[in-house]
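Once you've looked at the hints, go ahead and assemble the two chains, each given alone in its own frame, into the complex.
From first to last, the protein sequence lines stand for chains A and B. Take the first sequence: its letter number 113 is residue 99 in the working numbering, and every next letter is one higher. For any residue, its number in the working numbering is found by taking its place in the second sequence, counting from 1, and adding 62.
Honestly, the hints are just simulated from the structure, not real lab data. By construction, the Cβ of each residue, glycine as well, lies at the ideal position given by its N, Cα and C atoms. Don't take every hint at face value.
With a straight-line Cα cutoff of 20 Å, these simulated EDC-like cross-link-like pairs (lysine to aspartate or glutamate) come out [unchecked claim]:
#1 A:LYS15 <-> A:GLU85
#2 B:LYS212 <-> A:GLU33
#3 B:LYS227 <-> A:GLU33
#4 A:LYS(-3) <-> B:ASP110
#5 A:LYS15 <-> B:ASP95
#6 B:LYS212 <-> A:ASP49
#7 A:LYS5 <-> B:GLU190
Chain A is faced by these chain B residues, among others (derived, beta-carbon under 7 Å) [what the hints assert, rightly or not]:
#8 SER79
#9 THR101
#10 GLY133
#11 THR214
#12 SER221
#13 GLU222
#14 PHE228
#15 ILE237
#16 VAL240
#17 ARG241
#18 VAL244
Below, each chain spelled out in residue letters.
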Amino acid sequence: MATVKSLDDLKRIREEALKKQQLKETSGKTEVIVGMGTVGIAAGARETLKAIMDMIESENLSDIIIRQTGNIGLDSFEPIVQVVLPGEEKVTYGKVNPEMARQIIKEHIVGGKIIVEYQIKG
Amino acid sequence: MRELALHILDIAENSISAGADQIRISIIENNHDDLLSITIEDNGKGMDAEILHSITDPFVTSRTTRQVGLGIPFFKAAAEACEGIFQIESEVGAGTKVEAVFKHSHIDRMPIGDISSTLQTLIIGTPEINWVFEYIVDQNRFAFDDHPIKETLDGVPLSEPTVMKFIREMIAEGIQDVRQKVSSAI
Chain A
-13 MATVKSLDDL KRIREEALKK QQLKETSGKT EVIVGMGTVG IAAGARETLK
37 AIMDMIESEN LSDIIIRQTG NIGLDSFEPI VQVVLPGEEK VTYGKVNPEM
87 ARQIIKEHIV GGKIIVEYQI KG
Chain B
63 MRELALHILD IAENSISAGA DQIRISIIEN NHDDLLSITI EDNGKGMDAE
113 ILHSITDPFV TSRTTRQVGL GIPFFKAAAE ACEGIFQIES EVGAGTKVEA
163 VFKHSHIDRM PIGDISSTLQ TLIIGTPEIN WVFEYIVDQN RFAFDDHPIK
213 ETLDGVPLSE PTVMKFIREM IAEGIQDVRQ KVSSAI
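With the rest of the complex left out, here is chain B (with noise of 0.2 Å):
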């Protein structure tokens, strides 16, 4: 995969499979450590030691449909890559948690990405799921939470096209202006 923003997908989708109803996802770019560290935290249903020990495998699946899972191994190796730490966390019937730092000045880490389109497909694509993001460069934050928007739909399907349209234009500026603002400050 060529972007985070991929890696933050394929992670997610782990966590909609672990029957997860609510999952958050955190991106902190922080420039005076020089860190970026993502963190997908989920309420899914978790996984025991053994399971939790031989995840980073490449040849450990929970998925019947095919013997090879993949996505950990891949978030792992890219945040070892660039002198990151790649860690995870479970318990049976609470949850996960997957959290990689990287350098963030590191040569191979490769870029966030599309952030805005991989938080569109998890919205739009999975209603039944709370989704949390947060995005903080620096000292600025944008913090999204789909619950009061849901709550103001009450009934009307989060892929009316205005509906999609307001969701789309919401992250998109938020995530620009957390940007902007450290941009501006330099």
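So here's chain A without its partners, still in its complex pose (with noise of 0.2 Å):
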């Protein structure tokens, strides 16, 4: 028999999520976008976010807000993953697949540096 999930977790959860929230300074927050569309969605793009999502569940990671988007208009680049750290520019990566998005968490949200190899510049 299946744990049944409550709401009372959750308000645990949140009450939680609250006080490791005040203990931080509101520095802004990380975002994480990846494209959604058809094209992205046949190349990929779902298995790209949910290791994006499954890599911030297992590290443990606050304050980034994800983001999936309709089409970005780069066909031929999809999977597509932005990121914007607070403060900074948006930055593009093209033809992400799961283990490039660890990557871009570990050393782009994590450790706030860019990876150029993987980046579409426009």
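As structure tokens, then:
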């Protein structure tokens, strides 16, 4: 029998998340955006986004906003991942597979260093 | 696309683009009648009769970034390849309903695939939309509505790792539960 998830569990999760937030400085939030148009989906964008979500969950990374968006307009570079660190310019990565996505989280979002080889330069 | 769950994701993206703030996804497996039906229903801007008539044509899209829209024709072809039916109803200002019915046992029917990942993508990636999901296998039903979750969270983002875990497990367990009950009944 599976454990039933209750909203009381979620209330506890919320309290803990709030406590953690109060300890942090208000430095703004990092944003990760994955293009989820037809071409992106066919190229594996869902698996790329899933890898990002799993990594954020397993590494317990707070204060990251995850967004999926429709067609970004760069079909031949799908799956596309965009990263916006607080106060910095948007960085666009192309042909991002799950392994590359995990690397982007580790090096760019956590480490603050852009992975130039994966970047699409416009 | 290799999974029906990817088609669902793609069709739901249309609903998001249509400005919907509530999107309902329903998957019904009926082994008795050998049917699998998938419905995606939104309250977005809808389409007029002319667009609706031409929407299944691969050369029609309301998007402007690229001229060819393939999502709906792909899904329609997938249903029709396995003795299925594809329907789309829409009303300007009221919303759109897309329904695909498949012969469940048809050899060309794609697997449902990773429905948990599709839902997680939609729920976490577009938190401004109220997602309602229903999965029925014969007599068993799993219903999910993210509204009470968001109400309980009261401003804490869905992308918090502990919240994502909660939602991921809730969906995975719900789906597994519906399937387990069925297999143990056989």
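Right, here's what the structure says about each hint:
no. : hint                   : verdict
1   : A:LYS15 <-> A:GLU85    : 23 Å, violated
2   : B:LYS212 <-> A:GLU33   : 25 Å, violated
3   : B:LYS227 <-> A:GLU33   : 17 Å, holds
4   : A:LYS(-3) <-> B:ASP110 : 44 Å, violated
5   : A:LYS15 <-> B:ASP95    : 50 Å, violated
6   : B:LYS212 <-> A:ASP49   : 17 Å, holds
7   : A:LYS5 <-> B:GLU190    : 24 Å, violated
8   : SER79                  : 5 Å, holds
9   : THR101                 : 19 Å, violated
10  : GLY133                 : 5 Å, holds
11  : THR214                 : 5 Å, holds
12  : SER221                 : 4 Å, holds
13  : GLU222                 : 5 Å, holds
14  : PHE228                 : 6 Å, holds
15  : ILE237                 : 10 Å, violated
16  : VAL240                 : 11 Å, violated
17  : ARG241                 : 11 Å, violated
18  : VAL244                 : 14 Å, violated
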